[in-house]
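Engineer: Chains as they are written, first to last, in the working numbering: chain V, 283 to 590; chain P, 834 to 1020.
In case anyone wonders, no lab produced these hints; they're calculated from the structure.
Values in this document were obtained by computation on a predicted structure and should not be read as measured data.
One or more of the hints may lead you astray.
From the structure, some residues in chain V lie toward chain P, with a derived Cβ separation under 8 Å [stated by the list, open to error]:
1) L300
2) A311
3) V317
4) L320
5) P321
6) Q484
7) V485
8) L489
9) G585
Chain P regions said to be covered by chain V (calculated; three or more residues, Cβ under 8 Å) [said to hold, decoys possible]:
10) 914 to 925
11) 981 to 993
12) 999 to 1007
Each pair of labels, with its calculated beta carbon distance range [what the hints assert, rightly or not]:
13) V555/V x I986/P: 51 to 61 Å
14) S310/V x R969/P: 49 to 59 Å
15) Q1020/P x T337/V: 50 to 60 Å
16) S310/V x R999/P: 30 to 40 Å
17) S516/V x P933/P: 30 to 40 Å
18) E983/P x G436/V: 48 to 58 Å
19) K318/V x A895/P: 29 to 39 Å
Glycine included, each C-beta is placed from N, C-alpha and C at the ideal position.
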Amino acid sequence: MKRHLLEAADLDRDDATLVLDTAAQIESALAGREVKKLPTLRGRTVVNLFYEDSTRTRISFELAAKRLSADVINFSAKGSSVSKGESLKDTALTLEAMGSDAIVVRHGASGAPHRLAQWVQGSVVNAGDGTHEHPTQALLDAYTIRQRLGRLDGIRVVVVGDVLHSRVARSNVWLLATLGAEVTLVAPPTLLPVGVGSWPVQVGYDLDAVLPKADVVMMLRVQAERMNASFFPSAREYSRRYGLDGRRMGALPDDAIVMHPGPMNRGMEIAAVVADSARSTIVDQVGNGVSVRMAVLYLLLGGASASE
Amino acid sequence: MTESSALPVEPSPAPLLSAEDLARVVDRIAHQLIEKAGPDLAGLVLVGIPTRGAPLARRLAARIEAFSGVQVDVGTVDITLYRDDLRLRGVRALEDTRLPETGIDGRLVVLVDDVLFSGRSVRAALDALRDLGRPRAVQLAVLVDRGHRELPIRADYVGKNVPTSRSQSVKVRLAEVDGADSVTVTQ
């Protein structure tokens, strides 16, 4: 595996499978234990460098690092020297000078983790950069699919919604293609990125047409905070054409699952009755996130590091 | 811990233990376990250390059942995440950790491994067990004890004591993992 995890394309099929297998081993090793802690990364320091708000990703990474006995420093841009104008590079070098072994970074600018990786000695993990990628989310989604359906090869995944602004969609497209799943994107034409034709996916505009053949439906959040322009006429119209409600869920094959990376807009892209149904893996995804991030941290930091 | 050589053992030197010898040794350890455990036998848990300790533990359990009619629980505990030499080598893949549903609290746990060498694998396994529960007692059964301990650890059941030099390599092969049974010592 490479030293950094910056995008899903950093993982070839063997690496991606290794992460999923490692996560499964860690989960089984910790299952039913009173002491959910492993000594593996004792003495290593992981910095969570968050320039954007986040609940589940930051907490998930923090918990993952703590369960592996690493020391964790949480840094959020608010209330730090960033508000005095300190640059990303200076902040990163400061953190490294204090002895960090890995930096988990979330940043509003696409590509920020790539720049960071050129400046620091330790490992960099992308926890979401702009509208680019969010590789650990894709890994936990792949893990969840494999857990529920038993495999990824040949699984038909439909990704629905705001693909244009979604780093989750981008990472999932690449990772799922690497792992042999067939991905179909369904979105309003205004919410598909330029160049989607070169992605390893099929594109559709009619949700009802693809649901009967889907094994997995992945609903994306409508990112209202990123919407300066009007990409669709109204929330009601979006919901009617691309929202997953009870009727549409009924069109799915019997063992198909419904995923959502969170946070959800209930009633917008996903109806409450769907989010709370037995098909929904939304709570599993959160739990699996910790195991998958433990696996990533172990695989990046568990062995001899480049500087030793 | 298995001392694995990168090259396939071929042409193989005369094995230290042939497949028949190995079966006899497993039978003997099974008998010793039955004898020493006495009335505790039903509560015994054999916990193999992957890779080859795991099939060894299963074989021991099968022989114990054949000799005494008692079914003992079997588990495995992966020690990778507890090793003290993680930083000395590249990252390693993890193996299974599986314990009986009933857990190990208050029970007699016998750790099973193929080769006892420095004792560091056993120490890691003891650390792992401590996180998994509180056994009444922990014992150790190994197929081969080759000496050169680096920690104050000894085995309770030893298949064969083999004086070796540090430069030698002891290779245990088991049908479940390697396709055939044998123990060889190579330079």
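Engineer: Hint by hint, note whether the structure agrees.
Structural biologist: To see whether the hints hold, each was checked on the structure:
1. L300: holds (7 Å)
2. A311: holds (4 Å)
3. V317: Given a least distance of 5 Å, the restraint on V317/V holds.
4. L320: With Cβ-Cβ at 5 Å, under 8 Å, it holds.
5. P321: holds (6 Å)
6. Q484: violated (34 Å)
7. V485: Nearest chain P Cβ about 37 Å off; hint violated.
8. L489: violated (40 Å)
9. G585: Since the shortest Cβ distance to chain P is 3 Å, the answer is holds.
10. 914 to 925: holds (count 9)
11. 981 to 993: Answer violated; 0 residues pass the 8 Å Cβ test.
12. 999 to 1007: Per the Cβ count (0), the hint is violated.
13. V555/V x I986/P: 51 to 61 Å: holds (59 Å)
14. S310/V x R969/P: 49 to 59 Å: violated (24 Å)
15. Q1020/P x T337/V: 50 to 60 Å: holds (59 Å)
16. S310/V x R999/P: 30 to 40 Å: With Cβ atoms ~35 Å apart, the hint holds.
17. S516/V x P933/P: 30 to 40 Å: violated (58 Å)
18. E983/P x G436/V: 48 to 58 Å: holds (49 Å)
19. K318/V x A895/P: 29 to 39 Å: Hint holds: Cβ distance 33 Å, inside 29 to 39 Å.
Going through the hint list in order, the structure does not satisfy hints 6, 7, 8, 11, 12, 14 and 17.
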